[in-house]
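Take 1 as the starting number for the sequence shown in our numbering and just add one per residue.
If you are wondering where the hints come from, they were derived from the structure by calculation, not from laboratory data. Check before you lean on any hint, since a few could be wrong.
[What the hints assert, rightly or not] Computed Cβ-Cβ distance ranges for the label pairs, DEER-style: (1) ILE111 to ARG63: 12 to 22 angstroms; (2) LEU73 to PRO7: 28 to 38 angstroms; (3) ILE111 to TYR82: 17 to 27 angstroms; (4) VAL107 to LEU25: 48 to 58 angstroms; (5) LYS32 to GLY78: 40 to 50 angstroms; (6) ALA85 to ALA118: 23 to 33 angstroms; (7) ALA68 to GLY92: 30 to 40 angstroms; (8) TRP84 to PHE119: 37 to 47 angstroms; (9) LYS32 to PHE74: 40 to 50 angstroms; (10) PHE102 to PRO31: 52 to 62 angstroms.
The model shown is predicted, which means the values in this text are computed figures rather than measured ones. We put the CB at the ideal spot given by N, CA and C, even for glycine.
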Amino acid sequence: MTEQYLPVLLYIVIAALTAALILLLNKLLGPKAKHRKDYPSKLTPFECGSDLLQDNNRRVSIRFYLIALLFVLFDLEGILLYPWAVVGRSLGKIAIIEIFIFLFFLVVAFIYAYRRKAFDWR
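With the sequences and hints as input, model every part of the structure.
Next up, the structure:
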């Protein structure tokens with residue numbers, strides 16, 4: 001039984017050693033930060049080589065999180081439907097009925113989100 005897990009364990013050990021080696025080489029060969037206090041502009045973030053246009057301390061609307069949550073839910077729906085679509089011809093009638101019940105619940109969830117104005121940006 002343990003011989004079956006040996007390749008997986010070996011893979012994990014090699015991956016961990018590779019990550020540790022990369023971090024060590026970065027620490028040894030990377031630029032040294034001796035004079036950070038002398039150059040505070042080096043610590044400020046920039047985008048595409050130019051200064052920031054505004055502060056990042058503003059609040060983000062909760063609607064963005066709601067849309068992201070809805071995207072994740074409906075994206076999972078696609079992931080769950082894919083295996084059924086692959087073996088669709090070999091499934092029996094019960095499985096096809098289950099697929100339609102699943103799709104019905106998804107349509108109901110979408111209508112619920114639409115009626116609750118989850119997609120309104122006002």
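Notebook entry, point to check: Hint by hint, which ones does the structure fall short of?
Noted result: 8
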